[in-house]
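Chains as they are written, first to last, in numbering that gives the first Met the number 0: chain A, 0 to 271; chain B, 0 to 271.
Simulated from the structure, these hints should not be mistaken for lab results. Incorrect hints may appear among the rest.
[Unchecked claim] Only pairs whose alpha carbons sit at most 30 Å apart, straight line, appear in this in silico DSS-like list of lysine-lysine: (1) A:K97 with B:K248; (2) B:K120 with A:K1; (3) B:K248 with A:K219; (4) A:K8 with B:K97; (5) A:K120 with B:K261; (6) B:K199 with A:K248; (7) A:K68 with A:K199; (8) A:K199 with B:K136; (9) A:K261 with B:K199.
Remember, predicted model here, so these are calculated numbers, not experimental data.
There are 2 protein chains.
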Amino acid sequence: MKIAIQGVKGSFHHKVAQTFFDATTPVLECMSFPVLVDQLVSGNASAAVMAIENSIAGAILPNYALIDKHKLTIEGEFYLDVQHNLMALSGQTIEDIKEVWSHPMALIQCRSFFEKYPSIKLVEATDTAAVAHQIQKEQLKGIAAIASETASQIYELDIIAPQIQTIKHNETRFFILNTEEKQINTDCNKASICFRTDHKRGSLATILNIMSDCKLNLTKIQSMPVIEMPWQYAFFVDITFDAYSDYEKAKKVLSIMSKDFKVLGEYKNQKR
Amino acid sequence: MKIAIQGVKGSFHHKVAQTFFDATTPVLECMSFPVLVDQLVSGNASAAVMAIENSIAGAILPNYALIDKHKLTIEGEFYLDVQHNLMALSGQTIEDIKEVWSHPMALIQCRSFFEKYPSIKLVEATDTAAVAHQIQKEQLKGIAAIASETASQIYELDIIAPQIQTIKHNETRFFILNTEEKQINTDCNKASICFRTDHKRGSLATILNIMSDCKLNLTKIQSMPVIEMPWQYAFFVDITFDAYSDYEKAKKVLSIMSKDFKVLGEYKNQKR
Numbered sequence: 000m001k002i003a004i005q006g007v008k009g010s011f012h013h014k015v016a017q018t019f020f021d022a023t024t025p026v027l028e029c030m031s032f033p034v035l036v037d038q039l040v041s042g043n044a045s046a047a048v049m050a051i052e053n054s055i056a057g058a059i060l061p062n063y064a065l066i067d068k069h070k071l072t073i074e075g076e077f078y079l080d081v082q083h084n085l086m087a088l089s090g091q092t093i094e095d096i097k098e099v100w101s102h103p104m105a106l107i108q109c110r111s112f113f114e115k116y117p118s119i120k121l122v123e124a125t126d127t128a129a130v131a132h133q134i135q136k137e138q139l140k141g142i143a144a145i146a147s148e149t150a151s152q153i154y155e156l157d158i159i160a161p162q163i164q165t166i167k168h169n170e171t172r173f174f175i176l177n178t179e180e181k182q183i184n185t186d187c188n189k190a191s192i193c194f195r196t197d198h199k200r201g202s203l204a205t206i207l208n209i210m211s212d213c214k215l216n217l218t219k220i221q222s223m224p225v226i227e228m229p230w231q232y233a234f235f236v237d238i239t240f241d242a243y244s245d246y247e248k249a250k251k252v253l254s255i256m257s258k259d260f261k262v263l264g265e266y267k268n269q270k271r
Numbered sequence: 000m001k002i003a004i005q006g007v008k009g010s011f012h013h014k015v016a017q018t019f020f021d022a023t024t025p026v027l028e029c030m031s032f033p034v035l036v037d038q039l040v041s042g043n044a045s046a047a048v049m050a051i052e053n054s055i056a057g058a059i060l061p062n063y064a065l066i067d068k069h070k071l072t073i074e075g076e077f078y079l080d081v082q083h084n085l086m087a088l089s090g091q092t093i094e095d096i097k098e099v100w101s102h103p104m105a106l107i108q109c110r111s112f113f114e115k116y117p118s119i120k121l122v123e124a125t126d127t128a129a130v131a132h133q134i135q136k137e138q139l140k141g142i143a144a145i146a147s148e149t150a151s152q153i154y155e156l157d158i159i160a161p162q163i164q165t166i167k168h169n170e171t172r173f174f175i176l177n178t179e180e181k182q183i184n185t186d187c188n189k190a191s192i193c194f195r196t197d198h199k200r201g202s203l204a205t206i207l208n209i210m211s212d213c214k215l216n217l218t219k220i221q222s223m224p225v226i227e228m229p230w231q232y233a234f235f236v237d238i239t240f241d242a243y244s245d246y247e248k249a250k251k252v253l254s255i256m257s258k259d260f261k262v263l264g265e266y267k268n269q270k271r
């Protein structure tokens, strides 16, 4: 069965699929996150790899909304150290480049590099590796891609500037998603949950106090607008814990004390 | 003095500048958020209008990072009901359209509409109104823009489908920014603050308890990665209050109890 990835072979999503599953895992290339989710929901893929947050640009909020809307389960997380390389057809130098086509997140992460080259036009594209493929296929001169070293090998482009991202240590966190019913896995030590609270003062503090009392560590919190209820917020929270029993107790209390409490996934903490 | 806006005349940012300041306010058109901030910091603009969150797509996190990095002050907020319209050259119908060029946020907000037209290619562009301008200037057939009614009037395009965004009530929140030192304005009833906490369990709960004790209402919370310290988080929080004295007390306690406490702006709550 195939694993759905955002982008084409050689993309960062592809790398995650190969590392989390197996280097020979067949992948289903999807050109956007909604298409990725469609492929998973319709059964064409058995799992999907989705970028969810980056240490420079922050969370990809619309992806939280997709997970929630389609009732997907997070079965795992993966942190990838993302190194962006500028690549073009063999023989091209940085002086030849008129336009760089890449994904908006990659452009954000490399912005400082291009301040030295104000004449280069930054053009948004759907996928980093797909641009590398297009440059080779159409033999595009004057155009460069920002993509992984693997992409430069697959699509036979020369790296004209390596590691051009602003922050050298540039991690992206990915979720491994599926559509299956949650199964209790007492081996897990991390969970992603979401809930709403009423608009009373201190209601979020009350929830966080419960979590703290149950020995849960909060690693992420994000308020999100509730669709069709403008400016009411849901909270997306990641927590880690040592004992599953502590987490189980917290779940029971939180399902009483908050509204629409939902577990998005229980999985192994991939950090340390 | 000019007000910097993201995009060109007829953009949603332009509308906010005209409403918050004056309909005749001269504007400085900027083609990206970093350029907008540069124009403000270099003194070419006396203030800047910046979109910060949308009721469908959520917060524009990189803009929080820009505000923080350049030590900008939020002097006000503005909520705009954003209605997206599909527009093209006069005489064109939806069947003639091969590609729609628009800002990624606008494309996200209109995704469901285009599910009925799978042959239309969605192409990311820097600004909604700039595409409308380009279609008129270059007489582009087969291309449509997603933009405001004002843009269709300025650039003389026909609206071929009105209000195509998925959620009819689609609000975007904008900040009015400047570079001036904060002045105490006891008239304000809302503030945007940021801080870090140490990694001890319950440290965020402690901070939220203080806010609640000081009668502050939390309207937004967002954890953000700290640049160069991957997976350490800063918190960006919006609060409302009735008495400035309550807020002043909270500020004193929070500056002791959290790390790097900073006020990004104190302003009037524009909701209700």
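(request) Take a quick look at whether K120 of chain B and K1 of chain A sit within 30 Å of each other, Cα to Cα. (result) Holds, at about 26 Å.
(request) Would you check the hint for K97 of chain A and K248 of chain B, treating anything up to 30 Å between C-alpha atoms as holding? (result) violated (55 Å)
(request) Measure nothing beyond the straight line between the CA atoms of K248 of chain B and K219 of chain A; if it is 30 Å or shorter, mark the hint as holding. (result) Since the Cα atoms of K248 of chain B and K219 of chain A sit roughly 27 Å apart, the hinted pair holds (cutoff 30 Å).
(request) Take the C-alpha atoms of K199 of chain B and K248 of chain A, compute the straight-line distance between them, and say whether it is at most 30 Å. (result) holds (20 Å)
(request) Assess, step by step, whether the Cα of K261 of chain A is no farther than 30 Å from the Cα of K199 of chain B, and give holds or violated. (result) holds (25 Å)
(request) Sort out whether K136 of chain B lies within 30 Å of K199 of chain A, counting only the CA atoms. (result) Distance of about 53 Å is beyond 30 Å: violated.
(request) For the pair we were handed, K120 of chain A and K261 of chain B, check the Cα-Cα distance against 30 Å. (result) violated (36 Å)
(request) Decide if the proposed pair is consistent with the structure: K68 of chain A and K199 of chain A, CA atoms, cutoff 30 Å inclusive. (result) Holds: K68 of chain A and K199 of chain A sit about 26 Å apart, inside 30 Å.
(message) Between the alpha carbons of K8 of chain A and K97 of chain B, is the straight-line distance 30 Å or under?
(response) holds (27 Å)
Of the numbered hints given earlier, the model fails hints 1, 5 and 8; all others are met.
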